Amino acid sequence: MDIKDIIKPENIVYQKTKLFTEKPLSYCPGCGHGTAHRMLLEVLEEMNIQDKTVGIAPVGCSVLAYEFLDIDMQQAAHGRAPAVATAVKRLMPDKFVFTYQGDGDLAAIGTAETIHACNRGENFTMIFINNGIYGMTGGQMAPTTLPGMRASTCPFGRDTEIMGNPLKITELLAQLPGVYYVTRQAVHTPNAVRKTKKALRIAFENQKLKKGISFVEIVSNCNSGWKMTPNQSNKWMEDNMFPFYPLGDIKVPQLEKV
Amino acid sequence: MGELKLMKGNEAVAEAAIRAGADGYFGYPITPQSEIMEYLMTEKPYETTGMVVLQAESEVAAINMVYGGAACGRMVMTSSSSPGISLKMEGISYLAGAELPAVIVNVVRGGPGLGTIQPSQSDYFQATKGGGHGDYRMYVLAPASVQEMSDFVKIGFEMAFKYLNPVMILSDGAIGQMMEKVVLFDPIPRRTPEEIEKQCPWATTGKNANRKHNVITSLLLDSHEQEQHVFKLRDKYERMQKEDVKFEKIQCDDAEFLFVAYGSSARICQKAVDIARAQGIKVGLFRPITLFPFPSEELLKLSSQIKGILSVEMSLGQMIEDIKLAVECKIPVNHFGRTGGVIHSPGEVFEALKSTYLGG
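Line by line, the protein sequences give chains A and B. Residue numbers for the first sequence follow my numbering, so the first one is 1 and each next one is one higher. Residue numbers for the second sequence follow my numbering, so the first one is 1 and each next one is one higher.
Source of the hints: derived by calculation from the structure; they are not laboratory data. Small disclaimer: the values here were computed from a predicted structure and weren't measured. Virtual Cβ for every residue (Gly too), placed ideally from N, Cα, C. All clues stand as given, with none of them false.
If the Cβ cut is set under 8 Å, some of the chain A residues that face chain B in the computed set are:
(1) Y66
(2) A76
(3) A85
(4) K95
Here are the simulated distance ranges between beta carbons:
(5) A/E161 to B/K232: 49 to 57 Å
(6) B/P332 to A/S26: 53 to 61 Å
(7) A/E161 to B/L219: 31 to 39 Å
(8) B/F231 to A/D51: 31 to 39 Å
(9) A/T153 to B/I117: 36 to 44 Å
(10) A/K23 to B/T31: 45 to 53 Å
(11) B/E194 to A/K18: 21 to 29 Å
(12) A/F242 to B/H229: 42 to 50 Å
(13) B/D244 to A/F242: 52 to 60 Å
(14) B/G50 to A/E22: 37 to 45 Å
Pulled out of the complex, with its shape left as it was, chain A reads as follows:
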């Protein structure tokens, strides 16, 4: 039996989603970005809205997201994706619009754009990858770097006396009336992946209903930036990131009514 005998339609259990381009992912092996991309694309494919969707890529590891997603995409200046998306959605209100940003982009340089787009209740979906580090530039301290966590610009660990505290931007945004749905998920286990996909689906369904901002944080690993193996990084994430950034829904409208 050779490989041609195995690759048959009836034997396929898993394949590339149609909405991925042919471009190989540029992410480090073990990184959560690829899985997060895939869940996003599966949702867009299942909702059959590829032709109605415009995405905004950030500056950071996912700066090249537009190369992998077979979606009309714009690459925004560092931190400005929510401002860019604001105009896209307002000028084309019948399209689905999403931003995809990392922690430095969304919660440091772009804090003003993030908060004000959320506060205006712009009707788009925000996807926030939080790995507590600047991966693209080589592992510098992020706004979400944990106290004591090491990075190249806090080589002895984040000293909150000197460097300030990590910013729980997601909890902060949940306070704003323009924000409809806020959840924090992960993509390191099959169960977490399923939950993330469900959250993304809700986020895009909300957009269809013109509900305002739906915000999906995905706590992810950065094995390269954290200087760990992928497995070590996932374990470290569970032990250290999740206690500080607990997974689960933070703002769900139905629950609020109760």
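Dock chain B against the given chain A, drawing on the hints supplied.
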């Protein structure tokens, strides 16, 4: 013949945006140009033409909204004044890099820093040499009247879409605030989404089965690709130089001396020409209307009959560098101008000409 109105320069910009069929305006208040957004919010074009008007949280957000809208092939614009324009420069560089059409109005005030709210022309370098980082230029129009504030919005959009490049209307606090008669051009309907997709096949309007996905980016990691991209931009700027230089010559035919001035300064120099002519001194005014591309060729042609040029700017002298390059140092070029928000008078300009070239 369009509608005749008495308007402020800033109001004329706003009215022209609606009439030009603009899809969106994104701005942030700053003196002396806040009337632009105030006028739009009062006129509510979102209820008539469907034009989006939004007050952003900052100039930075506003220019990035312009980026997002332009990337969808929409006719979008912003306006600000000097300190705010500095903040927009990052976004303008991205617009140029990503080859996006947009109109940016700068109603210049005196600087540096927070400076003053009074009129100035001290942002010439910033406007004409790119302003933000990287190898790029904006197409820069310099209105000298309320009429031109209106007309240049329309021309600005035409140029922005012709070259897929940001266009700056470089005005100043005097032109923005003063009231004059203006003949408004007839309204042009906004393009339909279908027309936009036809005109802008590159726009991010949603990927369909008939084409590849559209991507708007200014990122080219391979330096050789980046170089080729910059060469492509250069070709556009050279084409602007060939096809779309604009200028005005006033009493230049027999002139022995020349004022070169744009915007408010050109209006003042027009009076100074009259004063000089009344005393028998043959002076003309050369008014660059596009500051980039600069009307170098025409100025060089003119220089063969000229004994001296006085560059009159409300700054320490910025355009004078382009004038010197244009005339290839064949004739004397000197500067006169008040700065920091002070406006020179026609008399001062005339005295400056006399003391510079006629022995006082």
